[in-house]
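Kindly produce the complete structure, drawing on both the sequences and the hints.
In order, the protein sequence lines correspond to chains A, B, C, D and E. According to our numbering, the first sequence holds residues 1 to 264 in order. According to our numbering, the second sequence holds residues 1 to 264 in order. According to our numbering, the third sequence holds residues 1 to 358 in order. According to our numbering, the fourth sequence holds residues 1 to 358 in order. According to our numbering, the fifth sequence holds residues 1 to 229 in order.
Because the hints were derived from the structure by calculation, they are not lab data. Note that the Cβ used here is the ideal one computed from N, Cα and C, for glycine as well. Check before you lean on any hint, since a few could be wrong.
Said to hold, decoys possible - Residues from chain C that keep clear of chain A, each with C-beta distances beyond 10 Å, as calculated:
id : residue
1  : S162
2  : P165
3  : A324
As the list claims (entries may be wrong) - To spell it out: a stretch of chain D is covered by chain C in this simulated footprint if at least three of its residues, at any positions, have a beta carbon under 8 Å from a beta carbon of chain C; those stretches are:
id : region
4  : 101-113
5  : 127-134
6  : 150-159
7  : 189-195
8  : 284-291
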Amino acid sequence: MSISLPRWLLLPAGLAAAYLLLPLVAMVLRVDWPGFLGLVTSPSARDALWLSLRTGAVSTLVCVLLGVPLATVLARTRFPGQGLLRSLVLLPLVIPPVVGGIALLYTFGRRGLLGGTLEALGVEVAFSTVAVVMAQVFVAMPFLVVSTEGALRTAGERYEVVAATLGASPSTVFRRVTLPTVLPGLLSGTVLAFARSLGEFGATITFAGSLQGTTATLPIQIYLERVDDPDAAVALSLVLVLVAVLVIGLTWQNPVARRRRAPA
Amino acid sequence: MSISLPRWLLLPAGLAAAYLLLPLVAMVLRVDWPGFLGLVTSPSARDALWLSLRTGAVSTLVCVLLGVPLATVLARTRFPGQGLLRSLVLLPLVIPPVVGGIALLYTFGRRGLLGGTLEALGVEVAFSTVAVVMAQVFVAMPFLVVSTEGALRTAGERYEVVAATLGASPSTVFRRVTLPTVLPGLLSGTVLAFARSLGEFGATITFAGSLQGTTATLPIQIYLERVDDPDAAVALSLVLVLVAVLVIGLTWQNPVARRRRAPA
Amino acid sequence: MTGLDLVARIPERDVDLTLGVPAGRTLALLGPNGAGKSTALAVAAGLLRSPACRVGVGGRRLDDVPTHHRGVAMLSQDPLLFPHLSVLDNVAFAPRAQGVRRSAARAAAWRWLDEVGVSGLAQRRPGALSGGQSQRVAIARALAAEPEVLLLDEPMAALDVSVTPALRQLLRRVLAERTVLLVTHDALDAVLLADRVAVIEHGRVVEEGPTQQVLERPRSRFAARIAGLNLITGRWHGGALEGHGLRVQGVTDGLALAEGSPAVAVFAPSAVSVFGNDPGGSPRNAWPVVVTDLEPREDRVRVRADTRLGEESLAADVTPAAVADLGLEPGVRVRFAVKATEVTVHPAGPDPEPPASR
Amino acid sequence: MTGLDLVARIPERDVDLTLGVPAGRTLALLGPNGAGKSTALAVAAGLLRSPACRVGVGGRRLDDVPTHHRGVAMLSQDPLLFPHLSVLDNVAFAPRAQGVRRSAARAAAWRWLDEVGVSGLAQRRPGALSGGQSQRVAIARALAAEPEVLLLDEPMAALDVSVTPALRQLLRRVLAERTVLLVTHDALDAVLLADRVAVIEHGRVVEEGPTQQVLERPRSRFAARIAGLNLITGRWHGGALEGHGLRVQGVTDGLALAEGSPAVAVFAPSAVSVFGNDPGGSPRNAWPVVVTDLEPREDRVRVRADTRLGEESLAADVTPAAVADLGLEPGVRVRFAVKATEVTVHPAGPDPEPPASR
Amino acid sequence: GGEENEDTTLTVFAAASLQDTFTEIADEFEAEHADVDVRLNFDGSSGLAEQIQGGAPADVFASADTQTMDTLVADDLVESPEPFATNTLEIAVPPDNPAGIATFADLAGPDVRLVICAPEVPCGHATAQVASDAGVTLAPVSEEQSVTDVLGKVTTGEADAGLVYVTDVTAAGEDVQGIPFEESKDVVNTYPIAPVTDSEHGDLAAEFVTMVRSDAGRQVLTEAGFGTP
Ligand SMILES: Nc1ncnc2c1ncn2[C@@H]1O[C@H](COP(=O)(O)OP(=O)(O)OP(=O)(O)O)[C@@H](O)[C@H]1O
Ligand SMILES: Nc1ncnc2c1ncn2[C@@H]1O[C@H](COP(=O)(O)OP(=O)(O)OP(=O)(O)O)[C@@H](O)[C@H]1O
Ligand SMILES: [Mg+2]
Ligand SMILES: [Mg+2]
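In structure tokens, the structure reads:
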């Protein structure tokens with residue numbers, strides 16, 4: 001507010017924005033609008049959208065519930081092998097999603113590492129909606145962990161120390177100080193995780209397969225349509241984009257904006 | 001250091017770590033070690049690895065050069081439509097990469113939005129190594145932007161204000177105060193972007209094709225191998241993982257650790 | 001209530017201190033910047049740990065007890081109010097953390113905010129406070145924790161002079177019931193709030209003792225710079241303090257003193273004039289004394305003298321010229337005169353006598 | 001050099017101030033917590049903007065000039081040292097930002113660190129400093145910017161008493177050449193560093209004028225609380241200050257004063273005793289005066305009197321009993337006596353006379 | 001590579017299932033044309049078609065189905081495609097055949113975890129046709145996007161059976177067991193190949209097409225399990 005940015009910053013920033021947005025514009029221009037509504041309201045598309053939203057929400061929740069603790073442990077403690085762990089946590093990002101799906105099969109599949117155990121427990125995940133969530137969590141969690149950890153480090157632990165001297169237990173400190181302090185970073189991470197879950201395809205189709213209403217999420221539907229009818233794929237992608245803008249817009253803008261209004 | 005974490009945090013954190021690492025273990029267990037060396041040192045694999053490293057490095061650089069300014073503008077200014085822009089910037093995350101590749105083709109391809117302009121300039125990007133970098137930048141930049149923006153917001157602008165009162169120009173403030181202050185978050189973002197570039201496949205194969213030595217990166221090679229020989233695909237993935245651990249380990253751990261040592 | 005025993009040994013900071021605060025007493029830490037005062041507090045709070053450090057409260061060893069279980073609350077040098085909580089919630093934080101219900105915690109927070117005079121700001125965010133307002137909220141937040149042991153790092157910093165006396169009284173009242181380690185740069189804080197004083201220089205305790213003794217007759221260079229005060233304890237009778245056979249007139253800084261209540265009169269040696277015989281004039285206090293001692297210091301001479309009753313030792317700072325004029329030397333009988341307006345009389349707590357543990 | 005004109009009108013904070021500092025002068029801002037002192041500084045620095053605010057330096061309107069082009073450096077209430085830079089680089093930051101070469105900037109930084117007495121900490125990170133050390137580094141950092149206009153928010157906060165006098169002298173020297181807005185809670189800072197004083201309460205200037213006038217005869221409640229000092233300007237001759245026909249003995253707080261150099265003697269009204277005739281005894285200063293005025297305040301009475309020469313007005317605080325005893329009323333001739341140890345004599349800068357611009 | 005002596009580069013876009021065979025044929029083609037460098041670009045047929053529509057610099061396009069080729073013909077992007085290979089479906093089961101599949105009808109068994117291609121993709125289209133011809137109603141647990149995905153489920157044992165092409169079973173080697181079935185003969189998938197209209201090396205492109213359809217090319221394809229059109 002009070003500080004001006006260097007002018008030259010606007011050039012690369014504008015370039016970056018243009019580069020990210022132009023392909024969207026090109027996509028919108030290619031959409032076959034007369035057929036659009038019919039395409040995106042077909043039962044398979046509706047099922048896929050609904051499934052995507054449900055699984056995306058659940059995955060994001062799981063990512064937050066598991067990922068925030070992991071990020072906190074990585075940012076706030078020191079233990080041997082921590083450096084290695086921090087790199088390893090990133091790997092689902094690097095592995096092509098399809099290979100990630102294979103790895104998940106090797107682990108949780110019928111003949112996988114834990115397959116026997118799971119079978120004994122009567123749990124069968126393959127080809128189920130649970131598998132979709134598992135695939136999404138696997139690919140999306142690193143985003144949440146990494147950006148939350150960065151925010152935790154940037155914020156430092158001064159306020160946590162103060163809270164402890166006021167008699168707050170570690171749990172209270174975590175809930176009432178740590179989390180609110182890193183809220184902007186955590187929200188960014190959550191949004192990243194949600195976006196990545198929503199767009200997830202490779203690991204899902206490999207690990208969970210694709211069946212309308214059960215495992216065929218919107219990206220999978222898009223892939224299938226693409227073979228038949230690229231226009232339909234683009235139209236469906238646009239729906240995905242719209243949904244994402246809506247969800248992200250509603251959940252992300254407001255808290256951040258609210259925070260902004262409070263003077264720093 | 002001085003503050004203890006809630007014990008119960010270790011449970012979800014451990015679960016998260018296990019969930020992310022177990023598939024890797026399963027993958028390692030499945031590798032056909034006798035054939036491993038031959039597989040991963042084949043000329044096509046070597047070409048692909050080298051190409052992946054080169055393009056990944058360049059993409060990350062481009063992401064940082066363009067993405068950090070964009071993140072700064074998003075975090076430090078207010079303008080009409082900013083909220084929308086912030087959501088839109090995330091979209092390359094949501095769109096399935098293949099659709100992203102199509103959108104890039106629609107934009108920069110010979111018949112795309114800017115195709116005529118580019119052709120007039122004598123520039124042809126599609127199906128070249130430049131196209132690989134463009135595809136990677138498109139999918140990876142949002143990570144950098146979002147996590148850097150989160151870090152900028154978490155850090156606040158107190159120090160930037162102080163610097164300005166000491167007569168530092170906006171450029172100086174940006175270089176000597178803003179960037180160092182958000183270094184941990186920026187590093188996380190950079191690592192995310194690099195990892196995502198390294199693993200990028202869908203947009204690349206669509207926009208840049210899969211020509212050995214020119215556009216066939218390691219993930220594309222993995223994809224092609226998988227058609228014939230899933231074991232080879234897994235072996236190559238392991239190489240990708242190894243490379244990522246090495247690169248990330250070297251570039252990420254050290255600065256973060258160095259920062260940590262300085263008392264907060 | 002419980003005493004505090006502390007060994008703070010942090011070689012990286014060149015700090016090696018051993019301090020003890022008896023149960024329910026207040027120990028003031030004085031010392032130059034970087035002496036190690038905040039370090040001592042950090043060790044007591046469990047924020048700084050090292051195998052060479054020892055912290056005990058009420059005989060219980062706390063070395064391995066996490067900060068939040070120590071029953072120790074700390075006011076640090078920087079207010080560090082939680083930026084995401086309102087002022088009210090900042091102050092209610094400690095009661096809430098101790099399991100008090102929201103409404104009760106808020107009520108307590110209102111009370112404390114009122115005590116430090118900023119209840120009008122309860123709904124603000126800390127980012128919208130001035131420096132002194134933040135400091136007051138931070139004081140309220142620390143006091144609201146109602147800990148057994150309280151660590152206060154320069155509580156009066158950034159406060160304007162118009163609130164300082166009232167806040168001192170508030171602290172006096174609150175600290176009376178607690179075991180307190182108080183860092184201050186102001187001798188008056190030590191006089192009014194602390195039972196004992198420790199002077200720290202270069203990470204070592206260079207002087208330690210009852211407040212009156214250390215401030216009246218400082219042995220360390222630093223204490224000498226800030227202190228050298230005359231303190232007379234007694235009771236408030238008929239608008240003056242009576243004690244040790246002296247009647248002392250003074251001003252009370254607007255604070256009410258009950259008839260017969262314990263009080264302490266404070267005045268600087270520099271405020272004491274020396275006369276050969278009763279001077280008349282405006283000074284309300286003029287006591288016959290016998291010079292016991294002359295200490296030249298820089299450009300003045302400190303004259304020490306005992307009251308006729310031999311009970312109370314007082315000091316006066318005069319110029320060398322005055323020493324010559326009046327022929328001052330040990331054994332000479334003179335009068336020490338102090339204007340009533342130079343003497344401040346403060347309430348002295350329920351027990352003006354040194355406790356047995358001293 | 002350039003003067004500063006300021007209209008700080010921030011309705012959200014209930015602040016509406018108009019202030020002016022002539023070129024090369026220092027204006028001290030006094031006022032209770034939350035009065036709007038820091039707000040005024042923020043407006044001057046360009047950190048707070050609003051259409052209703054006006055900032056001019058040397059006649060040039062700065063309203064739309066970004067902070068870094070204003071030639072204004074600010075020491076804020078919180079040290080806010082850059083955590084990622086060493087102490088040395090923190091202090092070298094401003095010269096570097098102004099394009100000075102690295103080696104020259106570092107040399108300047110060393111110099112400033114030395115001036116504030118923390119050159120031994122140059123290689124440390126700010127995180128490893130004590131509170132007072134941080135404050136000193138922050139002072140050095142602000143001074144190293146060598147701005148035309150300097151904004152200082154409580155520069156002496158958190159400093160220990162042993163360094164305060166030396167730092168005051170440093171500031172005196174540095175501020176003499178600059179246009180300065182100085183926030184302080186200590187009247188002595190205003191006396192020694194400022195030409196004029198503005199007292200702010202509830203976001204409004206309630207009193208403004210030359211330091212001596214405001215501090216000697218405060219009209220506002222707040223100023224009355226902190227001030228009411230006697231100031232006598234003159235020149236240092238033969239170990240005493242001579243001016244306005246008076247010879248004043250005092251102590252110099254260890255600072256050397258050159259023969260014939262301008263100086264100011266400061267003492268509190270409460271330190272002045274009133275006698276019917278020459279009292280003898282230790283007080284070195286006893287001047288015949290004529291009572292002009294009696295002002296009862298709370299538990300004491302301020303007696304104002306002119307020296308025989310009619311040039312200098314002095315005040316003494318005495319108890320009502322003393323007024324009765326001595327039969328004080330306007331026109332009565334008495335003696336005002338002050339002990340030399342109660343009078344501090346400070347160097348008064350190159351020009352002890354009020355400048356023409358006043 | 002041979003850029004140092006200004007070789008002509010012939011770019012061939014081929015369906016991913018042709019990876020091994022076309023690599024071999026391209027080697028032979030390079031051996032016969034010393035100054036030609038063949039660049040191969042593999043992806044799913046529809047992906048390749050999109051790339052060509054997007055202006056990709058292709059000289060030859062070999063598709064895994066006629067439908068995709070036809071869309072390019074309609075856009076005038078390729079010239080006169082010709083069939084060069086055929087493929088038929090086969091049942092793939094894990095080596096131990098846990099569900100005991102022997103015939104096509106067995107696939108409809110209640111406890112069989114069957115995966116097939118989605119109807120939108122060519123292999124799924126063929127699957128649907130075989131099933132309806134045979135009067136069998138299939139209840140798959142998953143409808144995959146590509147043959148590779150179907151095969152992946154079978155090789156990892158996740159599925160009890162899958163329907164893929166003969167060539168895929170051949171390529172997968174010992175990881176799966178192939179079970180041919182009579183009904184597949186009626187639904188033949190044809191692979192067409194064509195030079196791209198915009199090609200700057202029209203003659204060479206035509207030569208490559210000829211090479212693929214020559215006896216030498218046929219032999220390579222047959223070894224991989226392809227049929228002759
Ligand atoms: N985090 C730290 N790491 C290393 N040294 C430190 C750290 N904090 C303080 N120090 C050093 O330890 C010594 C004692 O510091 P401490 O903060 O205890 O001083 P203090 O007595 O509180 O001073 P002040 O009056 O300035 O607050 C100082 O020399 C200081 O530079
Ligand atoms: N960021 C802010 N937003 C809104 N109000 C503010 C903000 N900062 C300060 N205020 C309010 O503005 C008024 C003036 O504050 P300011 O900081 O100028 O006081 P100050 O005179 O510097 O006090 P102190 O001596 O405590 O530092 C106060 O009432 C304060 O609560
Ligand atoms: Mg300290
Ligand atoms: Mg202030």
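Consistency of the hints with the structure:
{"no.": "1", "hint": "S162", "verdict": "holds (26 Å)"}
{"no.": "2", "hint": "P165", "verdict": "holds (27 Å)"}
{"no.": "3", "hint": "A324", "verdict": "holds (56 Å)"}
{"no.": "4", "hint": "101-113", "verdict": "violated (count 0)"}
{"no.": "5", "hint": "127-134", "verdict": "holds (count 5)"}
{"no.": "6", "hint": "150-159", "verdict": "holds (count 5)"}
{"no.": "7", "hint": "189-195", "verdict": "violated (count 0)"}
{"no.": "8", "hint": "284-291", "verdict": "violated (count 1)"}
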